[in-house]
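Engineer: For reference, the chains in residue letters:
Number of protein chains: 2
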Amino acid sequence: MTKFDEATQAIKVDEGTYDVCLDPGYAIGGPLNGGYLMAVILRAAVDASPFEHPVSTTAQFLKAPVAGPAQVRIEPLKAGRTAAFARATLVQDGMAHIEGLITTATLNGAEPVFEEPADDMPGRDECVKLPDPKPESGMTLNAQMELLFDPPTIGWLKGEPTGRPESRAYFRMAEPQEPDPYVLALAVDALPPVVFSAGARGWAPTVELTWHLRALPAPGWLTLLGSGRLISDGWFDEEVEVRDSAGRLVAQSRQLARVGRG
Amino acid sequence: MTKFDEATQAIKVDEGTYDVCLDPGYAIGGPLNGGYLMAVILRAAVDASPFEHPVSTTAQFLKAPVAGPAQVRIEPLKAGRTAAFARATLVQDGMAHIEGLITTATLNGAEPVFEEPADDMPGRDECVKLPDPKPESGMTLNAQMELLFDPPTIGWLKGEPTGRPESRAYFRMAEPQEPDPYVLALAVDALPPVVFSAGARGWAPTVELTWHLRALPAPGWLTLLGSGRLISDGWFDEEVEVRDSAGRLVAQSRQLARVGRG
Numbered sequence: 496m497t498k499f500d501e502a503t504q505a506i507k508v509d510e511g512t513y514d515v516c517l518d519p520g521y522a523i524g525g526p527l528n529g530g531y532l533m534a535v536i537l538r539a540a541v542d543a544s545p546f547e548h549p550v551s552t553t554a555q556f557l558k559a560p561v562a563g564p565a566q567v568r569i570e571p572l573k574a575g576r577t578a579a580f581a582r583a584t585l586v587q588d589g590m591a592h593i594e595g596l597i598t599t600a601t602l603n604g605a606e607p608v609f610e611e612p613a614d615d616m617p618g619r620d621e622c623v624k625l626p627d628p629k630p631e632s633g634m635t636l637n638a639q640m641e642l643l644f645d646p647p648t649i650g651w652l653k654g655e656p657t658g659r660p661e662s663r664a665y666f667r668m669a670e671p672q673e674p675d676p677y678v679l680a681l682a683v684d685a686l687p688p689v690v691f692s693a694g695a696r697g698w699a700p701t702v703e704l705t706w707h708l709r710a711l712p713a714p715g716w717l718t719l720l721g722s723g724r725l726i727s728d729g730w731f732d733e734e735v736e737v738r739d740s741a742g743r744l745v746a747q748s749r750q751l752a753r754v755g756r757g
Numbered sequence: 496m497t498k499f500d501e502a503t504q505a506i507k508v509d510e511g512t513y514d515v516c517l518d519p520g521y522a523i524g525g526p527l528n529g530g531y532l533m534a535v536i537l538r539a540a541v542d543a544s545p546f547e548h549p550v551s552t553t554a555q556f557l558k559a560p561v562a563g564p565a566q567v568r569i570e571p572l573k574a575g576r577t578a579a580f581a582r583a584t585l586v587q588d589g590m591a592h593i594e595g596l597i598t599t600a601t602l603n604g605a606e607p608v609f610e611e612p613a614d615d616m617p618g619r620d621e622c623v624k625l626p627d628p629k630p631e632s633g634m635t636l637n638a639q640m641e642l643l644f645d646p647p648t649i650g651w652l653k654g655e656p657t658g659r660p661e662s663r664a665y666f667r668m669a670e671p672q673e674p675d676p677y678v679l680a681l682a683v684d685a686l687p688p689v690v691f692s693a694g695a696r697g698w699a700p701t702v703e704l705t706w707h708l709r710a711l712p713a714p715g716w717l718t719l720l721g722s723g724r725l726i727s728d729g730w731f732d733e734e735v736e737v738r739d740s741a742g743r744l745v746a747q748s749r750q751l752a753r754v755g756r757g
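Chains as they are written, first to last, in the working numbering: chain A, 496 to 757; chain B, 496 to 757.
Isolated chain A (complex conformation) (with noise of 0.2 Å):
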C-alpha cells in the first residue's frame, strides 16, 4: 500500500458509511485539497459499488473539512447492466462537508473510435519546477506530488501573468505510485488556479467540480492542460483535461470557481 492509498483509505463500518482519516499532508494552506478529498470519497463509492471505476464524479464543496476522522455516506442509487449512480457525502463532526454524484462503470480498454490530439506541451527538460512553499505556509500538498510547469503558464509568479486563464504541467506522485483513477482525482485539482496566470490572486474556492474518468492511464508521467473561459461577476470556469503517458485523454474536468480577492 502506497502512501497516497493509505492516506485515502475508507474503512467500512456499515452498509454504506466508511470511516476515513483526513491526512494533513494535502493541505493548501489551512483547507485540504478538493483533489484529494474527491479521491478519498470514490474509494467509498467504488467499493460500495458493483462497478469498478468512478466514470463520473460530481462534488459540491459546501465547507472546508479540516486533516482527522471524517465519514463517507454513499447512498445507492440505482444499478443497471452499464452503469451504477450513487449519492456520497462526506461528513465530520455531522455536517455534510461536500455533497457528491458518482457514476460506476467498467471500462474496458477498447481502442478509441475519435479522440481529438491534445494541444502542444514543451518536454519535460524544458519545464520548471515551482519554488518550494515555505513551512509555514500550510501547503503541504506540494511535497506528495511533482509538478514540471510550461514556463509562461507560472508567469505570474515573478509579476508576468501571460493575461489568460490557463496552466499546464507534468504531473507525477512524489512516492512511487502509478497514476489509477483516485490519482487522476487530484490530478484534475492538482495546478494553481488558472486564473493566477489571468492576474488574479488569493485563495480562489472551488464551488462545484466534475470529473469524467474516460480511460486507464498507462504508467508514468501525466500531462495536465488547464484553462478557463470565463472570468466574470467573481466567477470562472476551470477546465482540465488529462493525457497519459502515451498521450491518451484519461480524464476530463470543470470547476466553477470563486475569483480570489487576495
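Among these hints, one or two may not hold up.
Identical chains blur together in the list; that is why a pair holds if it fits in one copy or across any two.
What the hints assert, rightly or not - Mimicking DSS-like on lysine-lysine, the simulated pairs with C-alpha atoms at most 30 Å apart in a straight line are:
id, residue 1, residue 2
1, LYS558, LYS573
2, LYS653, LYS624
3, LYS653, LYS573
4, LYS653, LYS558
5, LYS507, LYS629
6, LYS624, LYS498
7, LYS507, LYS573
8, LYS558, LYS507
Worth flagging that the hints you see were computed from the coordinates, not collected in a lab.
Keep in mind that this is a model prediction, so the values were computed, not measured.
Chain A is fixed; fit chain B onto it per the hints.
Structural biologist: Quick look at chain B alone, frame taken from chain A:
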C-alpha cells in the same frame, strides 16, 4: 406565461415538494428531452433557493420519465452568502428518475474580466434546418424550437459525416420566448448527439450532464457550439458552449453519454 413557462411549471405543495406535469411536447422519440427535464427541476430548485440563478446543475439520468404528473423534491444542503446548494430529485411513481445537485447564486451582469472569443460560425442565412420529423417518430421536441445548422455538421443526414464529433446551430424557441436560464437548460441538450457527425447512429442516452450558467442571455438567437474529445469504450463526451446574440458566453455544458447501437 409562455407555453414553455407553462410546460416547466413547478407548483409548491409543501416545503421541498413540487408538483410538475411533464409535457409530451418535449419528446425525442419515446423519452422526454433531458434539457427540458432539467428546466422543470430548476424551476423548483430556484423557487426553493434564496438566490435567483442556477449557476451549476448536475443531473444523473437514472430512468427515463414519461409525460404526465411527477414531483420534484428539493433538499437544501447549505445556503451561504454567495451561493446555496441543494439536492433535487425528479420522482415519478414513487421512484427517483433524475438525481441532481444544484448550486444557485445571483449573477450581477458585470463586464467580463476575461472572455475567450467564440469559435467561428457562418451567418444564419448560410445555415440550414433539419427536415421535419415524421409524425410517427414521436420527435415532438423539434416543433418547440428553431435550429439552423452549420451545414457540414449535419452532413451525416445524407451519409456525409465530417468524421469528428461536432454539431453547431443557431437556436431559438418556436413560440415568442426570450432566452433565460430555463431556456438555456433546454439549449445545452438540444443538438443531435455530436457522435452522429462521427458516423454513429441510434439513441445515445445521456448518463450525466453538468452545465453552468455564466451570464444572463441577451434577447435574440442563441448559438450552440457542440463538440466532443473522445469516443471510446461505448462512451462519449459532448461539450456545448452557448453564446447569446451579443456573443457572450452564457452557458457551458459537458455530458457523458453512451454511443447508440443504432
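Engineer: Using 30 Å as the alpha-carbon threshold, which applies to LYS558 and LYS507: within, between, both, or neither?
Structural biologist: Both ways: LYS558 and LYS507 sit 24 Å apart in one copy and 29 Å across, limit 30 Å.
Engineer: Within a copy, between copies, both or neither: where do LYS507 and LYS573 come within 30 Å Cα-Cα?
Structural biologist: both (20 Å within a copy, 27 Å between copies)
Engineer: With 30 Å as the alpha-carbon cut-off, assign the pair LYS507 and LYS629 to within, between, both or neither.
Structural biologist: neither (37 Å within a copy, 53 Å between copies)
Engineer: How do LYS653 and LYS624 come out at 30 Å by Cα distance, when the copy is not named: within, between, both, or neither?
Structural biologist: within (13 Å within a copy, 52 Å between copies)
Engineer: Should LYS624 paired with LYS498 be assigned to within, between, both, or neither, using CA atoms and 30 Å as the limit?
Structural biologist: within (22 Å within a copy, 57 Å between copies)
Engineer: With 30 Å as the alpha-carbon cut-off, assign the pair LYS653 and LYS558 to within, between, both or neither.
Structural biologist: neither (32 Å within a copy, 52 Å between copies)
Engineer: For LYS558 and LYS573, with the copy left unspecified, which applies at a CA distance of at most 30 Å: within, between, both, or neither?
Structural biologist: Both. Shortest intra-copy (27 Å) and inter-copy (9 Å) distances satisfy the 30 Å Cα cut-off.
Engineer: Is it within, between, both or neither when you check LYS653 against LYS573 at 30 Å Cα-Cα?
Structural biologist: neither (50 Å within a copy, 39 Å between copies)
Figure legend: structure checked against the earlier numbered hints; hints not met, in rising order: 3, 4 and 5.
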